[in-house]
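Listed in order, the protein sequences are those of chains A and B.
Under our numbering, think of the first position of the first sequence as 1, with each following residue one higher.
Under our numbering, think of the first position of the second sequence as 1, with each following residue one higher.
Since the hints were made in silico from the structure, they are not lab data.
Honestly, I wouldn't trust all of these hints.
Pairs of lysine-lysine residues, derived as DSS-like cross-links and limited to a Cα-Cα distance of at most 27 Å, are as follows [to be verified]:
hint : chain 1 : residue 1 : chain 2 : residue 2
1    : B       : 214       : B       : 245
2    : A       : 73        : B       : 416
3    : A       : 269       : A       : 88
4    : B       : 73        : A       : 447
5    : B       : 269       : A       : 416
6    : A       : 145       : A       : 186
7    : A       : 269       : B       : 245
8    : B       : 73        : A       : 416
9    : A       : 257       : A       : 214
10   : A       : 447       : B       : 268
11   : B       : 416       : A       : 269
12   : B       : 245       : B       : 268
13   : A       : 257       : A       : 233
14   : B       : 214       : A       : 447
15   : A       : 268       : B       : 269
16   : A       : 186       : A       : 245
17   : A       : 268       : B       : 214
18   : B       : 73        : B       : 269
Pair ranges (Cβ atoms, derived) [stated by the list, open to error]:
hint : chain 1 : residue 1 : chain 2 : residue 2 : range
19   : A       : 171       : B       : 210       : 43 to 49 Å
20   : A       : 370       : B       : 358       : 53 to 59 Å
21   : A       : 79        : B       : 191       : 46 to 52 Å
22   : A       : 215       : B       : 450       : 54 to 60 Å
23   : B       : 191       : A       : 414       : 33 to 39 Å
24   : A       : 171       : B       : 211       : 55 to 61 Å
25   : B       : 358       : A       : 372       : 49 to 55 Å
26   : B       : 349       : A       : 171       : 54 to 60 Å
27   : B       : 116       : A       : 414       : 48 to 54 Å
28   : A       : 171       : B       : 55        : 40 to 46 Å
Keep in mind it's a predicted model, so treat the numbers as computed, not measured.
Glycine included, each C-beta is placed from N, C-alpha and C at the ideal position.
Number of protein chains: 2
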Amino acid sequence: MTHLLIIGGSDAGISAALRARELDSTVDVTIVVADSFPNYSICGIPFYLSGEVTDWRHLAHRTAEEITATGIKLLLNYTATTIDAVNKTVQVVNQQGQEQSLTYDKLVVGTGAVSVQPQITGLNTNGVFLLHSMEDSFAVYQYIKASQPRHAVIVGGGYIGLEMADALTHQGMTVTVVEHSPTVMKTVDSSLGLMIAEKLQQHGIEVVNNTEIKNIEQQGTQLVVSGSDGFHKTTDMVLVAVGVKPLTDLAMSAGLKTGIRGAIQVNKKMETNVPDIYAAGDCIETWHRLLNEYIYLPLGTTAHKQGRIAGENAVGGNREFAGTLGTQVVKIFDLAVARTGLRDIEATDAGNSPVTVEFETWDHKVYYPGAQKIRIRVTGDSQTGKLLGAQIAGHYQGEVAKRIDIFACALFHEMKVEEMSELDLSYTPPLSSPWDPVQMSAQAWVKQVLGKHL
Amino acid sequence: MTHLLIIGGSDAGISAALRARELDSTVDVTIVVADSFPNYSICGIPFYLSGEVTDWRHLAHRTAEEITATGIKLLLNYTATTIDAVNKTVQVVNQQGQEQSLTYDKLVVGTGAVSVQPQITGLNTNGVFLLHSMEDSFAVYQYIKASQPRHAVIVGGGYIGLEMADALTHQGMTVTVVEHSPTVMKTVDSSLGLMIAEKLQQHGIEVVNNTEIKNIEQQGTQLVVSGSDGFHKTTDMVLVAVGVKPLTDLAMSAGLKTGIRGAIQVNKKMETNVPDIYAAGDCIETWHRLLNEYIYLPLGTTAHKQGRIAGENAVGGNREFAGTLGTQVVKIFDLAVARTGLRDIEATDAGNSPVTVEFETWDHKVYYPGAQKIRIRVTGDSQTGKLLGAQIAGHYQGEVAKRIDIFACALFHEMKVEEMSELDLSYTPPLSSPWDPVQMSAQAWVKQVLGKHL
Numbered sequence: 001m002t003h004l005l006i007i008g009g010s011d012a013g014i015s016a017a018l019r020a021r022e023l024d025s026t027v028d029v030t031i032v033v034a035d036s037f038p039n040y041s042i043c044g045i046p047f048y049l050s051g052e053v054t055d056w057r058h059l060a061h062r063t064a065e066e067i068t069a070t071g072i073k074l075l076l077n078y079t080a081t082t083i084d085a086v087n088k089t090v091q092v093v094n095q096q097g098q099e100q101s102l103t104y105d106k107l108v109v110g111t112g113a114v115s116v117q118p119q120i121t122g123l124n125t126n127g128v129f130l131l132h133s134m135e136d137s138f139a140v141y142q143y144i145k146a147s148q149p150r151h152a153v154i155v156g157g158g159y160i161g162l163e164m165a166d167a168l169t170h171q172g173m174t175v176t177v178v179e180h181s182p183t184v185m186k187t188v189d190s191s192l193g194l195m196i197a198e199k200l201q202q203h204g205i206e207v208v209n210n211t212e213i214k215n216i217e218q219q220g221t222q223l224v225v226s227g228s229d230g231f232h233k234t235t236d237m238v239l240v241a242v243g244v245k246p247l248t249d250l251a252m253s254a255g256l257k258t259g260i261r262g263a264i265q266v267n268k269k270m271e272t273n274v275p276d277i278y279a280a281g282d283c284i285e286t287w288h289r290l291l292n293e294y295i296y297l298p299l300g301t302t303a304h305k306q307g308r309i310a311g312e313n314a315v316g317g318n319r320e321f322a323g324t325l326g327t328q329v330v331k332i333f334d335l336a337v338a339r340t341g342l343r344d345i346e347a348t349d350a351g352n353s354p355v356t357v358e359f360e361t362w363d364h365k366v367y368y369p370g371a372q373k374i375r376i377r378v379t380g381d382s383q384t385g386k387l388l389g390a391q392i393a394g395h396y397q398g399e400v401a402k403r404i405d406i407f408a409c410a411l412f413h414e415m416k417v418e419e420m421s422e423l424d425l426s427y428t429p430p431l432s433s434p435w436d437p438v439q440m441s442a443q444a445w446v447k448q449v450l451g452k453h454l
Numbered sequence: 001m002t003h004l005l006i007i008g009g010s011d012a013g014i015s016a017a018l019r020a021r022e023l024d025s026t027v028d029v030t031i032v033v034a035d036s037f038p039n040y041s042i043c044g045i046p047f048y049l050s051g052e053v054t055d056w057r058h059l060a061h062r063t064a065e066e067i068t069a070t071g072i073k074l075l076l077n078y079t080a081t082t083i084d085a086v087n088k089t090v091q092v093v094n095q096q097g098q099e100q101s102l103t104y105d106k107l108v109v110g111t112g113a114v115s116v117q118p119q120i121t122g123l124n125t126n127g128v129f130l131l132h133s134m135e136d137s138f139a140v141y142q143y144i145k146a147s148q149p150r151h152a153v154i155v156g157g158g159y160i161g162l163e164m165a166d167a168l169t170h171q172g173m174t175v176t177v178v179e180h181s182p183t184v185m186k187t188v189d190s191s192l193g194l195m196i197a198e199k200l201q202q203h204g205i206e207v208v209n210n211t212e213i214k215n216i217e218q219q220g221t222q223l224v225v226s227g228s229d230g231f232h233k234t235t236d237m238v239l240v241a242v243g244v245k246p247l248t249d250l251a252m253s254a255g256l257k258t259g260i261r262g263a264i265q266v267n268k269k270m271e272t273n274v275p276d277i278y279a280a281g282d283c284i285e286t287w288h289r290l291l292n293e294y295i296y297l298p299l300g301t302t303a304h305k306q307g308r309i310a311g312e313n314a315v316g317g318n319r320e321f322a323g324t325l326g327t328q329v330v331k332i333f334d335l336a337v338a339r340t341g342l343r344d345i346e347a348t349d350a351g352n353s354p355v356t357v358e359f360e361t362w363d364h365k366v367y368y369p370g371a372q373k374i375r376i377r378v379t380g381d382s383q384t385g386k387l388l389g390a391q392i393a394g395h396y397q398g399e400v401a402k403r404i405d406i407f408a409c410a411l412f413h414e415m416k417v418e419e420m421s422e423l424d425l426s427y428t429p430p431l432s433s434p435w436d437p438v439q440m441s442a443q444a445w446v447k448q449v450l451g452k453h454l
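Bound conformation, chain A alone (with noise of 0.2 Å):
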């Protein structure tokens, strides 16, 4: 009987775990989980936060119960502390201090990330909160139930930090975001950026660019945030939401090789540098399908492919990861921002000429009611025709998310722009139109780009 080990017990340990005992149900899979949640949805942290997911324990995509019921073995409250690859033996401690020793055939590495703590003095004081496990989330859950904040900073203005700006807005909070770029959302282009700092404005939310924050303090029941350009705010909370790091110590003890932002090497087999161990997930270097390399971009859709295929292949498989385009959607208040592929500047930086050209129309027939502006950015290759990437900002009921997953398709198929107009999409006047709006901005980018002629 080959014994599987994971360790992590979030997206990528789970899913490698379920793939290995869906191909192979004689395996022995066992999941050594640090704390007492695993296989926790924390991109839905916010929504908990915001109370518009009203009991935590939902946030589970499957509970502790579902994942034994399937045949695998779960260690909650167990870290792991050393790995001895040519023993295969793991060190684990449980919360009460005891050591053991567990063996394996194969060992699946999938320890994840940890929030960046930035260069600011007085992040330990209370009232600040870094917001990246079920544990960080409660103590800020704990914090607003018994300090009713009125006013929070929140520093970054990404993914989290804005669905959190949206979350404690949602709560009755006024709220303040700090971006040290000169628009929020810094992985979109800078007009649809001021699109989102334009919704935050609408909902109250003051949104501050172009500030580094440098130190908290304490100042009585309060906490004051000071910033370069002189900026001073006196603030109930803090959330700082400024990106994750990989988590790799015990990956390191073990000789795992690490590169980019000091993140596991893996090939497209999930595979290490030492034999018969994977690594996946947030704690992993992702192969960029478009760019040809290596990057870090840590994704929960990334972490269940990556798992999965370690899982597959640490039963014998021979699967490996076509690559991510870096697709990625979020929803602020009744806005959805997506985008897949490359921008201007990755795409110049990996050696193409691109160019971006941005349509808007509505996301159905204007005549049927409720219809939405879509803005679509079209990046191309100006010499080849070649679809680089998209980017997509409309009301997040007009099929934005999936309307990117039709150029990620279109991507991962190397098509080109003009090739897009080809494409039989579906079409009804209250959800799109004959030409569906990525068929629209794909014509727009090659009548600008390519000239109107033949």
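Could you slot chain B onto chain A? The hints should help.
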């Protein structure tokens, strides 16, 4: 100067004209339009009759003024009577009976389709309507205003019939839908047809299947509709929507070859058998990308594509039609039902070994408010593993339409069902799951059909 003459002012004709002018601003383009409604969205008629579209003029994709502003000449209320392909002239006649001869260098035939008149006696009775043109819809509109019908019988449970059932219910009428097949919407599998019937019934609509209407007659101020199996219904109004057939009398008079259901035969360049004559839209046979053969499938999306290609090639282009996948979506009340590619029976006829697996899940993470069930039927080839088609039913705001388009894009590229898991699709809890439902359904297919083992 090239003279491009186009017969037909709906999707295909207007698309051809716009594309020709876009590519060559020196070309002289004239469109002969049989009525006064060029470039109207006939797909929008049900929403005009439901009252959701408050002014019929809003149904114009573009106004006549917008079209002529591009330099295109419109001959409104002119009917083309004969084509002389030797001398390259077209005879037209206006409403006053004045004839005129127009010369052309290139001709595009986009005469569209007309409603099929089933074998029912009494179709000409007052209060009985076919529904395909703007004039048809005005007649229905006037009748409803004047006679205030309280009940309607709709003959035909396809797209138009069911959209009209929704529309008339929206107007406060009670409706009986009569369909000769065992389920409504016979273009999708019966399990989805039954879902649709249930939705109709929830809205008070009577659904009668397996019934052929034979006779309609006036009885006092009402109509009596009778059919097979003793069907007998007294009503105030009858709508007949049993499909359309190509309008090709003119084309045949010019020697254009016709084929399936009498539709004009074209090659992938939209060329007919007669030099310098192109045809596009609801009057032609359409190349099916998966069946590798021509079929008759009149759709607005296809008409736009074909018209655009005809217009491009008429001014010197060399574009080929990539083929239809039969992608369609319809909204009935809050339910969207979509399909792309082949169903079992169609795939079998084409020599495949199809298996269809149905999968149900939530359109987004169920912990986030508003999650709705989404049902996906994946058809794949059990020998090759290739994706053959998909059908989806769910809430119309659950991205059903653009999820079918992910399948459509996958079909375009001949993906295997298993490869769907490799697509990097977007995720945020309010809009999807880490594996999009599209991917979950593909995984369910693989698990069931290819077996769980490697």
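Hints, one by one, checked against the model:
1. With a CA separation close to 20 Å, the supplied pair residue 214 of chain B and residue 245 of chain B stays within the 27 Å bound.
2. Taking the CA atoms of residue 73 of chain A and residue 416 of chain B, the gap is near 33 Å; set against the 27 Å cutoff, the hint is violated.
3. For the suggested pair residue 269 of chain A and residue 88 of chain A, the alpha carbons sit about 20 Å apart, so the restraint of at most 27 Å is met.
4. About 23 Å separates the Cα atoms of residue 73 of chain B and residue 447 of chain A, which keeps this hinted pair within 27 Å; it holds.
5. For the given pair, residue 269 of chain B sits about 20 Å from residue 416 of chain A by alpha-carbon distance, which is consistent with the 27 Å threshold.
6. For a cut-off of 27 Å, the pair hint linking residue 145 of chain A to residue 186 of chain A is broken: about 32 Å separates their Cα positions.
7. The straight-line distance between the Cα atoms of residue 269 of chain A and residue 245 of chain B is roughly 54 Å, outside the 27 Å bound, and the hint therefore fails.
8. This hinted pair does not check out: residue 73 of chain B and residue 416 of chain A have alpha carbons roughly 33 Å apart, beyond 27 Å.
9. Note on residue 257 of chain A and residue 214 of chain A: the hinted pairing is violated, with a Cα-Cα distance of about 34 Å set against a maximum of 27 Å.
10. Proximity of residue 447 of chain A to residue 268 of chain B is assessed by CA-CA distance (about 23 Å); at most 27 Å being required, the pair is judged to hold.
11. At roughly 20 Å between alpha-carbon atoms, residue 416 of chain B and residue 269 of chain A fall within 27 Å of each other, so this suggested pair holds.
12. For the given pair, residue 245 of chain B sits about 21 Å from residue 268 of chain B by alpha-carbon distance, which is consistent with the 27 Å threshold.
13. A C-alpha spacing of about 43 Å is found between residue 257 of chain A and residue 233 of chain A, which places the hinted pair above 27 Å, so the restraint is violated.
14. Distance check on the hinted pair: residue 214 of chain B and residue 447 of chain A sit about 53 Å apart at the alpha-carbon level, beyond 27 Å; violated.
15. Among the hinted pairs, residue 268 of chain A with residue 269 of chain B is inconsistent with the structure: their alpha-carbon atoms are about 42 Å apart, more than 27 Å.
16. Under the criterion of a C-alpha separation no larger than 27 Å, the hint pairing residue 186 of chain A with residue 245 of chain A is consistent with the structure, at around 18 Å.
17. Taken as a hint, the residue 268 of chain A and residue 214 of chain B pair is broken in the structure, with Cα atoms around 64 Å apart against an allowance of 27 Å.
18. Among the hinted pairs, residue 73 of chain B with residue 269 of chain B is consistent with the structure: their alpha-carbon atoms are about 24 Å apart, no more than 27 Å.
19. About 56 Å separates the C-beta atoms of residue 171 of chain A and residue 210 of chain B, a value inconsistent with the hinted range of 43 to 49 Å.
20. Distance hint check for residue 370 of chain A and residue 358 of chain B: the Cβ-Cβ separation is about 30 Å, which falls outside the suggested range of 53 to 59 Å.
21. At about 48 Å, the beta-carbon gap between residue 79 of chain A and residue 191 of chain B stays in the expected band of 46 to 52 Å.
22. Remark: the range hint 54 to 60 Å for residue 215 of chain A to residue 450 of chain B is upheld by a beta-carbon distance near 59 Å.
23. Judged by the Cβ atoms, the range 33 to 39 Å given for residue 191 of chain B and residue 414 of chain A holds: they are separated by roughly 36 Å.
24. Taken as a hint, the range 55 to 61 Å holds for the pair residue 171 of chain A and residue 211 of chain B, whose Cβ atoms sit roughly 56 Å apart.
25. At about 32 Å, the CB distance of residue 358 of chain B to residue 372 of chain A disagrees with the hint of 49 to 55 Å.
26. The supplied range of 54 to 60 Å is met by residue 349 of chain B and residue 171 of chain A, whose beta-carbon atoms lie about 58 Å from each other.
27. A hinted range of 48 to 54 Å is violated for the C-beta pair residue 116 of chain B and residue 414 of chain A, which are about 43 Å apart.
28. A beta carbon spacing of about 43 Å between residue 171 of chain A and residue 55 of chain B agrees with the range 40 to 46 Å that was offered as a hint.
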